[in-house]
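Could you build all of it, start to finish, from the sequences and the hints given here?
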Amino acid sequence: MSTLLRRAALGHWRRHPLLLALTILGTALGVSVVLGIDLANAAALRSMQLSTEAAAGRATHRIEGSAMGLPAELLATLRIEAGAHESVPVIERDLAVVGQPGVALRLLGIDPLSEGRLRAHLAGPGGASSELLVDPRGAALSAATAERLGLVIGDDIDLRVGIETRSLEFLQQLEPVEALHERLLEGVAIVDIATAQSLLGQPATIDRIDLRVPEGEAGDALLARVRTLLPPGAELEPVGTRSGLLASMTRGFRLNLQALSFLALLVGAFLIFNTLRFGAVQRRETLGTARALGATGSQVRRVLLGEAALLGLIGSLLGLGLGLLLARVLVGGIAATITELYFALDVLQVAPEPTALAKALALGVGTSLLAAWAPASEAANMAPRLSQRRSEAERSATLAARRALGVGAFGIAVGAALLTLSAKSLVLAYVGLFAFVAGAALLAPAASAWLLPLFGAPLGRAFGAFGSLIARGAAASLSRTGIAVAALAVALASSLGVAVMVQSFRGTVISWLEQTLTSDIYVSAPSMTRTRQAADLDVDLVERFEALPGVAESFRFRGVELPSSAGELFLAALALDDKAFEAYSWSEGPEPDAWERFSAGEALLISEPLGFRRELALGDRVQLDSPTGALDLPIVGVFHDYGSDAGMAVIDRSAYVTAFGDEGLSSAAFRAAPGIDPDALVETMRATLAEGEELFIRSNRALRIETMEIFDRTFAITGVLRLLTLVVALVGVLSALAAIQFDRAREFAVLRAVGMTPRQAFVLICSQCGLLGLVSGLFALPLGFAMAWVMIHVVNKRSFGWTLLEFAWTPSVMLSTLALAVAAAVLAGLLPATLLSRTNPARGLREE
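Just so we're aligned, residue 306 is where the sequence shown starts under my numbering, counting upward by one.
Since the hints were derived computationally from the structure, they do not count as laboratory data. These numbers were taken from a predicted model, which means no experiment stands behind them. Honestly, I wouldn't trust all of these hints.
Simulated DEER-style distance windows between Cβ atoms [said to hold, decoys possible]:
#1 I1010 / G924: 34 to 42 Å
#2 E386 / G626: 56 to 64 Å
#3 T963 / D843: 15 to 23 Å
#4 P1116 / Q820: 24 to 32 Å
#5 R530 / Q928: 17 to 25 Å
Just so you know, even glycine gets a beta-carbon here, dropped at the ideal spot from N, CA and C.
Now the structure itself:
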């Protein structure tokens, strides 16, 4: 009997090849989105790890200094007095390649004679040679890096250092013997440490010292001796700390992308359920006959679940191939966003990670089995004599819709509870959001049963009997329409929710810029990471600008990464006046005497994201390690900041210079004198630049425009995922509507037999599809706004610490959602409408 059931299933799909193809394609697309995001995220994370490993090698610890670096003589002190013989000096910077926008090289200054101690990939026959010691401009690149940059031996490599262009000579091509070493050297330029010091203009300092410390008591003793010799402001830490910090900085961003990919899979699950349920409904007579001949319910369930597993497996295998292609498309956008927001990242390869492939395959097959369980159980439990009645299918669908109300309400309650359960857990927030969305989607069949009849009277008055047919035909087959409505509604709601979230965030950033950008002109050196002014600005150049006629005031900014009692943080040294101080929007505070204490260098301000990530609040104290000793400063204000989700601490510039001896600049701001046009003053400043100098000089208005362009680019990948989710929904809805219309072939044959023309049949089917789309859109509106509220006030807060995001939307968002819903449903109904309207009525009535 099981063999007969399997043959019947095979015959069913042979008769409906279009439905078979669409079911497999829907599964494949859902799996591909999940896998594509997984692989792209893994590639980005792997690139972070490789860049850290390339610079660290076999080192176990590193010593890093303050903003001014470490004195070069510290290395000899450690080797002689502490016995740290396996220690090497390092200078490491990300520098932009001139003439190749968006391309960076990681400059690694080393001592070629001692590198074999810690970095095997830089030693040996294919590693860095002593030639780098002889040529003061010499650099070594791997073959892959040279090919990507279009360089051959002897070519100059033009790099942007601050505002100037400086050159190195491609002197040696590295030829590592191992594939891993080749990957470690991708995007890295190796130079002698003296060459790096000369190129960067820091002749007496180095960035850090890498050490290899043995395990056990000997290693502990060595670390203790090293700590006693460290100058103020220097910090000793394990090498994994840095890579862990980089990974944690991007964790929220990567997790948000994964969550969006799971929305696509959730939509796919509803559509798989819909298609398999249709398959069971269409075969109800065959299954009833098999039951009457002796097939047991468990045999029916096993065959239907086996069918679902096979379709899921085929779709998932196809999805693996599509996912690999998608990952190669998405990885560039992910790397660009990380570079804009966090640090320079160049992802060159997407590898088919076995764990990600297995996860995607398991999700595809598991989702198919989960979606098939309910229709398989329903078919297995139906009495043979009832299985041949269409009315029984509708009755059971109505009962299932009522039961789904209770399950859906439970899912919404569970989701709401999880969303409020933890104030920090982003994973719980997403689990709660998915439970909420799934629960709400289960209400869609009942909601469609309530909404569709409401259109009967107005359509009847407008179009007569034809209008009544549109509404009644769409409402009469709940077993065939409810899940299609739910699937399309979830896709539309997720798209609407993300759109409202982005629109709200955009509006908040615009308001924040209007409050915080109080100067007329902003000047900074080119930097790979646009949200951090990481490159140095020439102080003499700023003084030249300050002396220009028309400049009324200037403000200097210095941004550095520093160790502190709260971990490594970004410290901004600002020379604020009371007007700029009052422009801050405060999350906590400020304390009554905050301005006086801050301007006296006795207190800190911190941004809301930093307080969130480091669990700092108003009144807490932060200790900064400086060359002159520890600075123990209280927090007197927490301000809203949307420039970076990593956050920053702000200190008075005079206090910073006194403590750290660092008078360098990262950027400067200027106010024009009354009556002076800022745009004209910008052109005057640009005219003072020497040939070869590059500087970002932007007016207030231009900086706002550029900031919003960066904002839009960072959310571009989100738009791609929204589109992919809608594509999954469109394919699935096409499958669902095709199944619906083919199952109603006899109904349309009767209508054709009593006089309905092919054109009228075509219009009727498309109109019913459009009505189903409209109902999906109406259901998606409240669900989408609820999702937007959760993403704004729960997910964003737990991801980045932002609390003051406006909930902004426009009527056009609602109208476009409804229009998209109707258009998607009509588009999906075109093919089945065309086929059915052209079918000979006699064929549909043959069994009558």
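Status of the hints after comparison with the structure:
Here the CB-CB span from I1010 to G924 is close to 38 Å, well matched to the stated 34 to 42 Å. Our hint of 56 to 64 Å for E386 and G626 holds, since their Cβ atoms are close to 60 Å apart. Separation of T963 from D843 is about 22 Å and conforms to the stated range, judged on CB atoms against 15 to 23 Å. Taking 24 to 32 Å as the suggested C-beta distance range, the pair P1116 and Q820 conforms, at roughly 27 Å.
Between R530 and Q928 the beta carbon distance is about 24 Å. The supplied range of 17 to 25 Å therefore holds.
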